[in-house]
Structures are given as C-alpha cells and as structure tokens.
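**Student:** Those protein sequences? They're chains S and H, same order as listed.
First residue of the first sequence? That's 1 in the numbering used here, and the numbers climb one at a time after it.
First residue of the second sequence? That's 1 in the numbering used here, and the numbers climb one at a time after it.
No lab work stands behind these hints, which were simulated from the structure alone.
There may be inaccurate statements among the hints.
Below are the BS3-like pairs computed for lysine-lysine, each with C-alpha atoms no more than 25 Å apart in a straight line [said to hold, decoys possible]:
| no. | chain 1 | residue 1 | chain 2 | residue 2 |
| --- | --- | --- | --- | --- |
| 1 | S | Lys15 | S | Lys78 |
| 2 | S | Lys44 | S | Lys11 |
| 3 | H | Lys22 | H | Lys103 |
| 4 | S | Lys102 | H | Lys22 |
| 5 | H | Lys103 | S | Lys71 |
| 6 | S | Lys44 | H | Lys22 |
| 7 | S | Lys78 | S | Lys62 |
| 8 | H | Lys103 | S | Lys78 |
| 9 | H | Lys103 | S | Lys44 |
| 10 | S | Lys102 | H | Lys58 |
| 11 | H | Lys115 | H | Lys22 |
| 12 | H | Lys49 | S | Lys44 |
| 13 | S | Lys102 | H | Lys103 |
If you want a taste of the chain H side facing chain S, the calculated C-beta under 10 Å gives, among others [stated by the list, open to error]:
| no. | residue |
| --- | --- |
| 14 | Val4 |
| 15 | Asp9 |
| 16 | Val13 |
| 17 | Lys22 |
| 18 | Thr24 |
| 19 | Tyr25 |
| 20 | Ser28 |
| 21 | Tyr32 |
| 22 | Phe34 |
| 23 | Gln38 |
| 24 | Thr52 |
| 25 | Leu56 |
| 26 | Phe63 |
| 27 | Thr94 |
| 28 | Gly107 |
If you're wondering where the values come from, they're calculated on a predicted model, not measured in any experiment.
Note that beta-carbon positions come from the ideal geometry of N, C-alpha and C, so glycine has one too.
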Amino acid sequence: EAGVAQSPRYKIIEKRQSVAFWCNPISGHATLYWYQQILGQGPKLLIQFQNNGVVDDSQLPKDRFSAERLKGVDSTLKIQPAKLEDSAVYLCASSFRVAGPKETQYFGPGTRLLVL
Amino acid sequence: AQSVAQPEDQVNVAEGNPLTVKCTYSVSGNPYLFWYVQYPNRGLQFLLKYITGDNLVKGSYGFEAEFNKSQTSFHLKKPSALVSDSALYFCAVTRRGEAAGNKLTFGGGTRVLVKP
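With the rest of the complex left out, here is chain H (with noise of 0.2 Å):
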C-alpha cells in the first residue's frame, strides 16, 4: 500500500519570506511524486511531478522541490511567498512500474495562508 502524509494542516507566512509545506511518503519501490494546489471553488491544478533524474524539481508560479529518497521526502519550497499563494496543497505518489493504472494517493493538505 502507498500513503502520503502532510503533517501540517496549516502553514502561516508573511509575504516575501520563504515558503516550506512538508510532505512524506510510503511507497514499495520508487516513486513518482506530485504537487498539486487547490484554490476555493476550483479544481486542483498541477504544479510540479518528479519521475527520475535531478533531485530538485522546478515547477509552475516560481515553486520548486526536492526529493529526498533517504528521508521518503518530497518538500515544496518557494523562496519569496506571494498572497495570492494562499491556497491547499497536496502532495500525491505513485508507484514506479505500476503495471497497471495511475493510482494517485493524495495526502490530507496542507492550507497556506500568506498574510500581507
């Protein structure tokens, strides 16, 4: 069974400062990670995916993340955090030669909440 865990219901961040939100995995084999964002009355939008290679993922709206296999870590990062970031974000696995299917598990999200 794969699962994913976001340890923080919510973070709280001053406009400018940088932005973490956590998330940890449990997976047999590898993974492939996700970060979607989710803002009211909308669908989740894509933000970032790692398959393989570089640790550290770039992604949509200047967010970026590192996969970190030894911690099962997959951390979303943004240097400089913008109000119109506050939103939930979850982070999603998928396990690496799923010979069937593209079975997403989703953590619980994470709300970000950028104050002025």
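Chain S on its own, in the form it takes in the complex (with noise of 0.2 Å):
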C-alpha cells in the first residue's frame, strides 16, 4: 500500500513570497491533515478535511495561510505571503474513516521550508 505523498520535499524563498505544497492520502482515506512541525518541538495541527469539508481550522493562520481539498482526495497548502516564521516542516497525515478520535493517522514525509 502506497503511503502519504508530499512535494516538494524542500523549498527555499524569500521573506513576502508565496509558497504551496501538495499532499496526496493513502488511497481511500478519508480525512487528511496538515501540520507544520517547527525545529525542536511536536507537530502542530493547521487545518484537517474529512473529505472536501473543513473539520478544524482553528490553528491555522488564516491571514497567510489557505488550504483546499478539492474532490476529497489531494490536497494543497499555500502560504501567501511568506514571514521568517514559517520555516518549518509541513506534514500530511490521513486516516481511514470519518474523523474519531481513535483513528491512527498515518504521515507523509514532509515539506522542509526556510523563509529568508
């Protein structure tokens, strides 16, 4: 079974750029997720889909950030404009069913982004 793919797997830009990121889920997985993990510290929830719908977005900077999921499958992650903050990994994850707490949420090998 094919697991969680992510490109690019690095990216450089400049401070007031515009970046995006692509995530494709293990096939027929419902729900997808996005989390930007920071050096030194745990992942962090941005935003999570289950299907083309959002479930939480509570935690994602919605004044730079965006995140569609168009057709329930892949989805991408854009920031606009890009701050010296953002340099982080951004990784997807996905799980089987609809949203529940149990479900184990399997991850992708993640964007490496530095903002200069």
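The task is to assemble the complex, starting from two chains supplied on their own in separate frames and drawing on the hints.
**Tutor:** Okay, here's the thing in structure tokens:
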C-alpha cells in the first residue's frame, strides 16, 4: 500500500514570497491533516479535512495560510506572503474513516520550508 | 485544553539495555494515547496506541507502552534497544468522546541515542 505522498520535499523562498505544498493521501482515506513542525517541537495541527470539508482550522493563520481539498482526495496548502517564522516542516497525514479520535494518522515525509 | 509533556530532551542507552521514554499527559476526560517515531528527513511513523482495555499495549518493532491513569503517564519501553532505534520519539494525546475531529496534541519529542 502506497503511503502519503508530499511534494516538494524541500523549498527555499524569500520572505513575502508565496509557496504551495501538495499532498496525496493514502487511497481511500477520508480524513486529511496538515501539521506544522517547527525545529525542536512536536507537530501542531493546522487544518483537518473530512472528505472535502473542513473539520478544524482553528490553528490556521488565515491571514496568510490557505488550504483546499478539491474532490476529497489531494490537498494543497498555500502560504502567501511567507514570513521568517514560517520556516518549518509541513507534514501531511491521513486516516481511514470519518474523523474520530481512535483513528491512527499516517504521515507523509514532509516538506521542509526555509524562508530567508 | 490538552497537553503532553516529554520531560527528557534526550535519552542515551547502550545497545542491548532496556529503553524507556517518558510521557505524561493532561486531558479532560479519558484519553487516547499514541507514540510515533521520526527518523531523519522522514515523516512520523506510528508505533502504537492506547484506546481502551489492557493497560499494556504492544506495538511495532518490539516496543510497548503502559497506560497509568493515576499517574497520567504513557511511557514507551523496549526491553533490549538496538542502534537502529536511534530516532526522535513523540507522544500524542486526544480526548475520548471528541465530538468532531481528531485533534492530536504532540509532546516536544525525545531524542533517543543507542550506542553500540
């Protein structure tokens, strides 16, 4: 079974530029998550989708971050404009069923973003 | 609010010796608890989870964890560590009965170094 795919793996941009990350979840997984992992910290949930609807985006900085999951499969996370403090690894995860606390989340390899 | 504490930034152990990685949590109500491992430049890999039932949970790669409700702990253990177990370990919690979503809260991580 193929895992969660993410691209690009690495991205370097200058502050105030925009950037987009792509995620393809495990086939058949209804729920998709985006996390931000700052160096030396644990991942922090940014947004959670169930199919193509948003379940939780309470920690997403909506003035600069946006995400979509058209057709309930792939997802894109965008930052516009980027700030220095956005330098982090952006992890995508998916889980099988409709969102529930017991469900195991499976993570992709992440996209490492450096903002200069 | 829910939180996870991993009191040790790093754990050093000799190969063949027992390995313990500590985790305590705070959550209103009953928890679901998870352990993930992260290798360099890789996403998080699921190790094990506690949902209900037996307090001793067995997971991948010979790891196990013991849920202790009175001490609000979920320590990860392995009887005999391998050099290949050297990685970053994350404990995470979510609340049972969460009405919507599966909001995992992660600890800050513990780096494990197993020396030959």
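**Student:** Look at each hint and say if it fits the structure.
**Tutor:** Hint by hint, here is what the structure shows:
no.: 1; hint: S:Lys15 with S:Lys78; in the structure: 14 Å, holds
no.: 2; hint: S:Lys44 with S:Lys11; in the structure: 20 Å, holds
no.: 3; hint: H:Lys22 with H:Lys103; in the structure: 21 Å, holds
no.: 4; hint: S:Lys102 with H:Lys22; in the structure: 22 Å, holds
no.: 5; hint: H:Lys103 with S:Lys71; in the structure: 23 Å, holds
no.: 6; hint: S:Lys44 with H:Lys22; in the structure: 20 Å, holds
no.: 7; hint: S:Lys78 with S:Lys62; in the structure: 10 Å, holds
no.: 8; hint: H:Lys103 with S:Lys78; in the structure: 21 Å, holds
no.: 9; hint: H:Lys103 with S:Lys44; in the structure: 9 Å, holds
no.: 10; hint: S:Lys102 with H:Lys58; in the structure: 16 Å, holds
no.: 11; hint: H:Lys115 with H:Lys22; in the structure: 19 Å, holds
no.: 12; hint: H:Lys49 with S:Lys44; in the structure: 19 Å, holds
no.: 13; hint: S:Lys102 with H:Lys103; in the structure: 11 Å, holds
no.: 14; hint: Val4; in the structure: 7 Å, holds
no.: 15; hint: Asp9; in the structure: 9 Å, holds
no.: 16; hint: Val13; in the structure: 21 Å, violated
no.: 17; hint: Lys22; in the structure: 15 Å, violated
no.: 18; hint: Thr24; in the structure: 14 Å, violated
no.: 19; hint: Tyr25; in the structure: 12 Å, violated
no.: 20; hint: Ser28; in the structure: 13 Å, violated
no.: 21; hint: Tyr32; in the structure: 5 Å, holds
no.: 22; hint: Phe34; in the structure: 7 Å, holds
no.: 23; hint: Gln38; in the structure: 9 Å, holds
no.: 24; hint: Thr52; in the structure: 9 Å, holds
no.: 25; hint: Leu56; in the structure: 18 Å, violated
no.: 26; hint: Phe63; in the structure: 15 Å, violated
no.: 27; hint: Thr94; in the structure: 4 Å, holds
no.: 28; hint: Gly107; in the structure: 5 Å, holds
In this structure, the earlier hints numbered 16, 17, 18, 19, 20, 25, 26 are contradicted, and the remaining ones agree with it.
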